[in-house]
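Colleague: The chain contents come next:
Number of protein chains: 2
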Amino acid sequence: MTDVSRPAISPGASPLFLREDEIRRGIELLYFGYTRLTNAIDQELAKQSLGRAHHRALYFIARQPDLTVGELLKLLAITKQSLGRVLKELQEQDFILTSPGVVDRRQKLLRLTEKGAGLESELFRQLRQKLSSAYVSAGQESVTGFWHVLEGLIPENDRKMVFDLRGDNG
Amino acid sequence: MTDVSRPAISPGASPLFLREDEIRRGIELLYFGYTRLTNAIDQELAKQSLGRAHHRALYFIARQPDLTVGELLKLLAITKQSLGRVLKELQEQDFILTSPGVVDRRQKLLRLTEKGAGLESELFRQLRQKLSSAYVSAGQESVTGFWHVLEGLIPENDRKMVFDLRGDNG
DNA sequence: CGAGATACGTCAGTCATGTTGACGTATCTT
DNA sequence: AAGATACGTCAACATGACTGACGTATCTCG
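Protein chains in written order, with numbering that gives the first Met the number 0: chain S, 0 to 169; chain A, 0 to 169.
Note that these hints are calculated values from the structure, not bench results.
A few of these clues could be false.
[Stated by the list, open to error] In silico SDA-like pairs for lysine to any residue, Cα to Cα no more than 25 Å straight-line:
1. S:K79 with A:Q42
2. S:K79 with A:Y33
3. S:K114 with A:I26
4. S:K73 with A:D20
5. S:K73 with A:I26
6. A:K79 with S:D41
7. S:K79 with A:R51
8. A:K73 with S:I26
9. A:K159 with S:R35
10. A:K159 with S:E27
11. A:K73 with S:Y30
12. A:K73 with S:R51
13. A:K79 with S:K114
14. A:K73 with S:K159
15. A:K73 with S:K73
16. S:K159 with A:E21
17. S:K46 with S:L28
Make the full structure from the sequences, and use the hints.
Modeller: Structure follows, in structure tokens:
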């Protein structure tokens, strides 16, 4: 313990030894990065008189066609009343369509119309532009680090839900 | 072009060639990671009858004591009417105090009271818990990658503002 | 000095998105 | 047949954003 220039405990041994500034930097970058990414599509959404809430629904339905209302509720973590309004508006404007569940007829399966798929892919295109330029400027190794840290922010109980978005379809 | 199983151009050569799945993964992790991190302090805020908007103001004032209203407006990117309400409530509940600008008396300098500093540090403690456990589980190299990608999401024009939060004070 | 720009505040109305609570109906499970 | 589940819906309300208009104090500069 004669060398005071470094902690006796190796960096990263425990969360308690992380410097405050590293945490604040993460908080700030997450805040600005997230808001700037989502800003990227606000104009396009406004053209269709839609908001962020509509986009989130649209996104997950695109990601998992024939998603049920219950599954979407879990992903969005909002009340069914809130989601109901959003889905109603999306349906009225012909962005989504629904069908009764095949195995369980109480369920309602959600799917994009052609119009909905067109909008979603335009919105995705704009998000991809921003995100891939960030990926490219940071480099592939940074990208996997980016993923790993974010995965660590998701509580154990929610991880399966998030990971299940990948793999079982496109 | 006889091998359709891989693109002819090497991965990462240009943003256009990034696989859709890598982009969707980023969008989803950013969404879930960000919301789960911010969820971490909702209960504590509710105890004080405050919301997320109050926390954001509190956070930046803690980060840059004697911040002006105009600077805070740029950081938050909301209207002065919205911010006005938030600051008024924070002041009424004795979390912040203001003083006229020294060099320019039109300005209003914002600063935390002792009570405000206490609350901010408790909220920070909870955010740090979540974020440092993510940092530790991902490893230091992942953390720098995480930072680099997020920096790439912030438009050139905004970067100085974000980077200036560091360095000139704690 | 005086005109205009700037920093900040404020009144008034609106919108988007979330909440709680209560109830109704169809369908599935046992 | 009874109860659980999936979904819908009515009503009231909270939060945090917005636009537009206007007022005051202070600074800057010709």
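Colleague: Decide, hint by hint, whether the structure agrees.
Modeller: Status of each hint after checking the structure:
no.	hint	verdict
1	S:K79 with A:Q42	22 Å, holds
2	S:K79 with A:Y33	22 Å, holds
3	S:K114 with A:I26	22 Å, holds
4	S:K73 with A:D20	22 Å, holds
5	S:K73 with A:I26	17 Å, holds
6	A:K79 with S:D41	21 Å, holds
7	S:K79 with A:R51	22 Å, holds
8	A:K73 with S:I26	17 Å, holds
9	A:K159 with S:R35	15 Å, holds
10	A:K159 with S:E27	13 Å, holds
11	A:K73 with S:Y30	14 Å, holds
12	A:K73 with S:R51	22 Å, holds
13	A:K79 with S:K114	38 Å, violated
14	A:K73 with S:K159	38 Å, violated
15	A:K73 with S:K73	34 Å, violated
16	S:K159 with A:E21	18 Å, holds
17	S:K46 with S:L28	29 Å, violated
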